[in-house]
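Colleague: Using the sequences and the hints, build the whole thing.
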Amino acid sequence: MPSASINRVLVANRGEIARRVFATCRRLGVGTVAVYSEPDADALFVREADVAVALGGSSPADSYLRGDAVIAAALATGADAIHPGYGFLSENAGFARAVVDAGLIWVGPSPEAIVAMGSKIGARERMEAAGVPVLPGAHLTDGESLDDAAARVGFPLLVKASAGGGGKGMRVVADAGALAGAVEAAQREAGSAFGDATVFLERYAPRSRHVEVQLMGDTHGTVLALHERDCSVQRRHQKVIEEAPSPAVDAALRARLADAAIKAGQALQYTGAGTVEFLLVDGTQDFFFLEVNTRLQVEHPVTELVTGLDLVELQLLVAEGRALPAAAAAPPLDGWAMEARLYAEDPANDFLPVTGTLTRFEVDDAVRVDTGVQSGSEISPFYDPMIAKVIAHGATREEAARKLADALARAAVQGTTTNRDFLVRVLRSPEFLGGEADTAWLDRADVAALAAPLLDAEQTRVAALAAALAGAAGRRAAATVLAGVPSGWRNNPAVPQVARFATAHEDELEVRYRYDRTGTQLVEPAGIVLHAVAADAVTLTADGLRRTYRVGPDAVTTPDGEAPLRKLPRFVDPTAALSAGSLTSPMPGTVLRVLAEAGAQVTAGTPLLVLEAMKMEHEIVAPADGTLSALPVAAGDQVSAGDVLAVVDAPDAQRAG
Amino acid sequence: MATLRSSFDPRSDAAAANRAAMLERLTEIDGLLETLNGGGGEKYVARHRKRGKLLPRERIALLLDRDSPFLELQPFMAHHTDFTTGASLVSGIGVVEGVVCFVSANDPTIRGGASNPYTLKKALRGHEICVANRLPLISLVESGGADLPTQADAFVPGGATFRNLTRLSSLGIPTIALVFGNSTAGGAYVPGMSDYTVFVEGRAKVFLGGPPLVKMATGEDSGDEELGGAEMHAKTSGLADYLAADEQDAMRIGREIVRSLNWRRHGPGPTLPPADPLYDTEDLVALPSADPKVPFDTREVLARLLDGSRYDEFKPLYGASLSTGWGAIHGHPVGVLANIQGILFSEEAQKAAQFIQLANQKDVPLVFLHNTTGFMVGKDYEQGGIIKDGAKMINAVSNSKVPHLGVIIGGSYGAANYAMSGRGYDPRFLFSWPNAQSSVMGPAQLAGVLSIVARGAAEARGQEYDEEFDKNMRGMVEAQIESEQTALANSSRGYDDAIIDPRDTRTVLGLALGVVHNAPVEGAEGFGVFRM
Numbered sequence: 001m002p003s004a005s006i007n008r009v010l011v012a013n014r015g016e017i018a019r020r021v022f023a024t025c026r027r028l029g030v031g032t033v034a035v036y037s038e039p040d041a042d043a044l045f046v047r048e049a050d051v052a053v054a055l056g057g058s059s060p061a062d063s064y065l066r067g068d069a070v071i072a073a074a075l076a077t078g079a080d081a082i083h084p085g086y087g088f089l090s091e092n093a094g095f096a097r098a099v100v101d102a103g104l105i106w107v108g109p110s111p112e113a114i115v116a117m118g119s120k121i122g123a124r125e126r127m128e129a130a131g132v133p134v135l136p137g138a139h140l141t142d143g144e145s146l147d148d149a150a151a152r153v154g155f156p157l158l159v160k161a162s163a164g165g166g167g168k169g170m171r172v173v174a175d176a177g178a179l180a181g182a183v184e185a186a187q188r189e190a191g192s193a194f195g196d197a198t199v200f201l202e203r204y205a206p207r208s209r210h211v212e213v214q215l216m217g218d219t220h221g222t223v224l225a226l227h228e229r230d231c232s233v234q235r236r237h238q239k240v241i242e243e244a245p246s247p248a249v250d251a252a253l254r255a256r257l258a259d260a261a262i263k264a265g266q267a268l269q270y271t272g273a274g275t276v277e278f279l280l281v282d283g284t285q286d287f288f289f290l291e292v293n294t295r296l297q298v299e300h301p302v303t304e305l306v307t308g309l310d311l312v313e314l315q316l317l318v319a320e321g322r323a324l325p326a327a328a329a330a331p332p333l334d335g336w337a338m339e340a341r342l343y344a345e346d347p348a349n350d351f352l353p354v355t356g357t358l359t360r361f362e363v364d365d366a367v368r369v370d371t372g373v374q375s376g377s378e379i380s381p382f383y384d385p386m387i388a389k390v391i392a393h394g395a396t397r398e399e400a401a402r403k404l405a406d407a408l409a410r411a412a413v414q415g416t417t418t419n420r421d422f423l424v425r426v427l428r429s430p431e432f433l434g435g436e437a438d439t440a441w442l443d444r445a446d447v448a449a450l451a452a453p454l455l456d457a458e459q460t461r462v463a464a465l466a467a468a469l470a471g472a473a474g475r476r477a478a479a480t481v482l483a484g485v486p487s488g489w490r491n492n493p494a495v496p497q498v499a500r501f502a503t504a505h506e507d508e509l510e511v512r513y514r515y516d517r518t519g520t521q522l523v524e525p526a527g528i529v530l531h532a533v534a535a536d537a538v539t540l541t542a543d544g545l546r547r548t549y550r551v552g553p554d555a556v557t558t559p560d561g562e563a564p565l566r567k568l569p570r571f572v573d574p575t576a577a578l579s580a581g582s583l584t585s586p587m588p589g590t591v592l593r594v595l596a597e598a599g600a601q602v603t604a605g606t607p608l609l610v611l612e613a614m615k616m617e618h619e620i621v622a623p624a625d626g627t628l629s630a631l632p633v634a635a636g637d638q639v640s641a642g643d644v645l646a647v648v649d650a651p652d653a654q655r656a657g
Numbered sequence: 001m002a003t004l005r006s007s008f009d010p011r012s013d014a015a016a017a018n019r020a021a022m023l024e025r026l027t028e029i030d031g032l033l034e035t036l037n038g039g040g041g042e043k044y045v046a047r048h049r050k051r052g053k054l055l056p057r058e059r060i061a062l063l064l065d066r067d068s069p070f071l072e073l074q075p076f077m078a079h080h081t082d083f084t085t086g087a088s089l090v091s092g093i094g095v096v097e098g099v100v101c102f103v104s105a106n107d108p109t110i111r112g113g114a115s116n117p118y119t120l121k122k123a124l125r126g127h128e129i130c131v132a133n134r135l136p137l138i139s140l141v142e143s144g145g146a147d148l149p150t151q152a153d154a155f156v157p158g159g160a161t162f163r164n165l166t167r168l169s170s171l172g173i174p175t176i177a178l179v180f181g182n183s184t185a186g187g188a189y190v191p192g193m194s195d196y197t198v199f200v201e202g203r204a205k206v207f208l209g210g211p212p213l214v215k216m217a218t219g220e221d222s223g224d225e226e227l228g229g230a231e232m233h234a235k236t237s238g239l240a241d242y243l244a245a246d247e248q249d250a251m252r253i254g255r256e257i258v259r260s261l262n263w264r265r266h267g268p269g270p271t272l273p274p275a276d277p278l279y280d281t282e283d284l285v286a287l288p289s290a291d292p293k294v295p296f297d298t299r300e301v302l303a304r305l306l307d308g309s310r311y312d313e314f315k316p317l318y319g320a321s322l323s324t325g326w327g328a329i330h331g332h333p334v335g336v337l338a339n340i341q342g343i344l345f346s347e348e349a350q351k352a353a354q355f356i357q358l359a360n361q362k363d364v365p366l367v368f369l370h371n372t373t374g375f376m377v378g379k380d381y382e383q384g385g386i387i388k389d390g391a392k393m394i395n396a397v398s399n400s401k402v403p404h405l406g407v408i409i410g411g412s413y414g415a416a417n418y419a420m421s422g423r424g425y426d427p428r429f430l431f432s433w434p435n436a437q438s439s440v441m442g443p444a445q446l447a448g449v450l451s452i453v454a455r456g457a458a459e460a461r462g463q464e465y466d467e468e469f470d471k472n473m474r475g476m477v478e479a480q481i482e483s484e485q486t487a488l489a490n491s492s493r494g495y496d497d498a499i500i501d502p503r504d505t506r507t508v509l510g511l512a513l514g515v516v517h518n519a520p521v522e523g524a525e526g527f528g529v530f531r532m
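As they're listed, the protein sequences go chains P and V. Counting in full-length UniProt numbering, the first sequence runs from 1 upward without gaps. Counting in full-length UniProt numbering, the second sequence runs from 1 upward without gaps.
Watch out, some of these pointers could steer you wrong.
Stated by the list, open to error - Covered by chain P, per the in silico footprint, the following chain V stretches (three or more residues, Cβ under 8 Å): (1) 96-105; (2) 247-253; (3) 263-277; (4) 450-463.
Hints are computed from structural coordinates only; laboratory data are not their basis. Beta carbons are placed, not taken as given, at the ideal position from N, Cα and C, and that holds for glycine.
Modeller: In C-alpha cells form, the structure reads like this:
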C-alpha cells in the first residue's frame, strides 16, 4: 500500500539528469518542477519542466546547493517530492532530512543510510561486519602505528580519503619509504577538498576492474540486485565507458556479486536506488567492497537497457512506499548495453574542458541519448562539460560496441571540441573489444593514438571541399540577381573560388574550386564527380569513393566521422585585428592625465588615462583584468582617433576570444 | 506555348566535323585567354606578386560576391595590334553585394597599366554600358596614366573618360575607385572624378605630377608620399574617402560602399519560372557548319537557348527566311529575331519591322541571332521595293528602345547587319561565336565586284583587261577581307563585346538580360516615318 502519492516532482538538479527524471514523470503523469541557476536560465530542462523556479547565482553554492531554497521552491510549486539526481545534494543526509521535515517525499535512501556510507571507513566496517568481502585495510584511528598498519595491509597500498571520491586525496604507495609523505599529502588534499582530513590504507590491486551492482530496496524490507555494471574503462578515475553486464563476470560470479550487494543493502536497510561498487581483481573471481553510492548513478541507463526496467520509476514507487514489483525481483539480462560519456573536452590538450556553443548536436535514433543540451546550447564553464550519455543496446557485447561506436562516429557534434573520436577509437580498440580493459588501461595506453581524429588530413580536405560547395550552393540559392547563371560562371576562367576554414585547433585550410560552364561539375580540383550539391549536403565521388557529406554550421559529418570546419571570414577588418586588449582613442584629443604605469596589474574598469576632446574629459579604462603591457602616451600628447593609447594583456580574454 | 522539336543528330558525321572545327577555334581562343591572363609576362607578374600585390583578375575575384558570375568584356581588344591583347585593362560585369556592377581593373604588369588608344576605347565602351544599363562602376586603379608614346592618339579622346565619370554620377550611377598603386597625371582623375575613393595605405600614389615633374615645373623638391600618398590624401587633401590597410581591406571597404548604396533595380527582372532547354547545349558546338557556305538551322540553336525550348513563332508562314517569336531566357521574356535562310527579302523586313514594334509595345527585350548574307538584290527585288522594306526594318531597329542583345552565330553582312541591330545600332550587348564573320559583303563577292568594276572601266577605256592582274587583285582582296571579317578581327577592334563559346550562349544572354534589367525596360513611344 502506498503511504503517499507523488503527483509533482521537483528535481534538485540540472541538465541531462533533470530531463531524465522528467521523462519518467511525464510518462507516469506526474508533474515536473525544475530549479535553475542563472547560467541555466535558457536550459532545455528548465523549458521542459511544467514549472521552474530560479535559484539565482551561477556557482553551485549559490544555486543547486542551496537546500533551503530548493525546499522552498518545492513548497511554492506544490511539489510533493524531491528527486536529487546525482551530485549536488544527492548524498547530503542533512538535506534529505530537511526535505522529509518539510513534509515532502525524499526520492532516495534514508538519511541514515547516506550517513553510514558517507564515511568510507565506517562503510568498510559495516560491510565487513555484514560479511561483504573488503580489501585488507587499516583505519589509522586505533592507535596502531602507520608502519605497522601498512605492514599488515601490505604493499602496494592505497591511501584514501574517508570522505569524498573522484580520486582526490588518493595516493598509491609502492613501499614503506614513500608512505609517510603520501599519507600527509593525501590528508592535506582531503582536508581541503572535503573538509575532512581522515584517510585510511587499503591494499592496492594494480590490475583490477571496477564492477558495481545496481541495488534497489523498498520500505517493505526487500533489497534486490539488478545485475552488475562494468566501469573499468576510466581515465584518471573518470569513467569513460560503462557497460552491463561485465565481460569479466560469469553467471556464478554474478550470483556471488548479487549476494554480496544484497547483504550490503540489507545491512543498511536500504531503500531506493543505490550502487555497491566492487573491485574485481583482474583475471580472478576475487572481488572486494569499495563503497556504496546512495543515489542514482550516471551510468544507470545501461542497467535499464538490459533489464527493461525504468529505475526512476522504481525510485518513485519506493518513495511512495510501494513494494518493488515482481518484474524487478527477477530482472532479465537481455543482451548487452554500453554507455559512452560524450564530453566537451580536448583530448589533444590533456582532456581539458572546452566551452562554447554546441552549434549542432544530432545523434542517430538507433541509440539512446540522455542529454541536457541541443543544437544551439551553450557549454558553460560553470558545470561539468558533459554533452550527453550515448547508450547502445545489442544482442551481444560486440554488437553493442559496434552500434555505439557507429552512432558516435556518425553523430553531428559541432561548435566545440569533444572526446567523440577518442570514444570511438576506444570502443573499436582490440583491448576494449577483447574485454581486457582494467581500470588503469587508459592510463597506460597511447592516448594520443586513441584520440587521433577519425578523419585523416585527406578526408578532411574532401570534407572541406564539400563544405565549400555547400556554401556556394547556399549563396547561389540566395542570389537575388543573375540567379539563373551557373555557379561561379566565367567566360574567362582565370581565378578559382576560394573558401577558407578553421579545422581542429584553429589550423587553417584553404579550398580552391572551379565549376565548369554548367555549374554542375568541377574543373578544379580534378577527379571529383559531383552527384548532388545542396546547402546542407553534398554527394560526391573522390578517389572512386562516393559519399554523402552533411554540412553543418561548424563541421562536415560523414558516416566515418566528422571534420570540424568553421568558416573563416573572407576579409579581415584591420580595426578588429588590433592586438587584443589594445585601447584606441575614440576621437582626436589631448591626453590630460595618465593614471597608471606600464607594467602595472590592472583590473577591468581601472582608469588608465583621461583624454580631453571637445572640451569634455573622457576616462579610458582597462577593458579586462591583466597586465598593462604598453602605455605609449604621456600627459599633453595629441592623439588621433584610432591611435593606440594602452595595451592590456588579458590572458583570459584572449583565450575566450 | 509551342515547343521546338530538334531533329539534329549530334552523332552524325557532319556534326562530328562541325564539332571538330569549332573546338579547334575554341582551342585558339582558350590559348589567347591563357596568354591574356599572364598579363605582361612572367617577369612582370613575378615582380608584381613580390610586392604583395594581386593581379587584376584576382582583385576582381576578391571584390565580387563569392560564386557569382563574371562576364569579362572585350578581352581581345587590341589583338593583332602593336599593343598587348586586352589593352592592359580588364573589364566586365559581375555582382558585388547583390548589386550588378561594371568592374574595370588596370593591369599594372603591362607597361605599368598605362593607357593606350585601345585602352581608352575599351574604357569608353564600359562607360556606355554603365549608362545604358545603369551599372555602378568600380574602378580598380593602378596605372601610370597615358602611354606617352601614343599620346597623339590618346590625349584628345582620353578627356572623355573624366567627363563620363561625372556624367555617370549626375545620372545617379555611383562611381567607386579603389586605388592600389600609381594613379598619376590623367590617372589621378579617376579617383578625382569618382563618387567614392578607397586608397591602399603605403601603395596608392595619386598626384598630377610626380617629384621629377614638380622639380621641372617649379623647382620644388618633394617626395612621393607628401605629393600623393594614401595617408596624405586620407588625412590632408581629403581625396581619399577611406584608407585601406591592404588590398583585401580595399575590397572589403569597396564592398561595404556598394552595400550602402541603397541600390534599386529598375527593370522588372525575371517574371517567368526559368526552365532548362530540352536539348543539350553541348550540341551548339556541332551545329554551325564547318564550311560557312553550308547553312544550318537556327531553330536548332533556339531549341538550346530558350527556357524549356518554348518558342511562340510570330508570322511563321510569312517571310520565312527570318523567324520572329516569343520565348524566355532565365525567366526573362524575350522577342527573338533569327535569320533562317540567310537572306532578307521584303517580307522578312516588313515582318521584322512589325515584330520590333510589338516588342516595344510590351516592353520585351529583343534577341537577334545573326546569320545573314544580306538583303536580296536583283531586278525583281528592287522593283518590289526592297529598299523601302529594308528601311522599315532599319527604322524600327534604330528607334526601338527595348534592350537589344545580339549574337553573331554565322555571317552578318552588309545592311542586314545593321537591320539586325549590328554594332553600329547600339545594341546593349553584341557577342560573336568564334566562327562569326562580318563585313560589308563576303570576300569573294567583294573581290568579284571590284573585278567587274575594273573590267568595265578597262573596257570603257578600250583597254584590254589584264587577267593576271585581276587574279592577283582578287586573291589579295579576298585574303584581306577574309582576315578582316573574322570574329577575332572584329573583336580586336571592339566591334563586339566578347567572343563566346557557343555552349555559353544561353548563360551569356541570361546574364545580359539580368544586366539590362538594372535599367528600366521600356519600349519606344514613337518611330520614324515608315515608308509605305
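Colleague: Return the numbers of the hints above that this structure violates; sort them in rising order.
Modeller: 4
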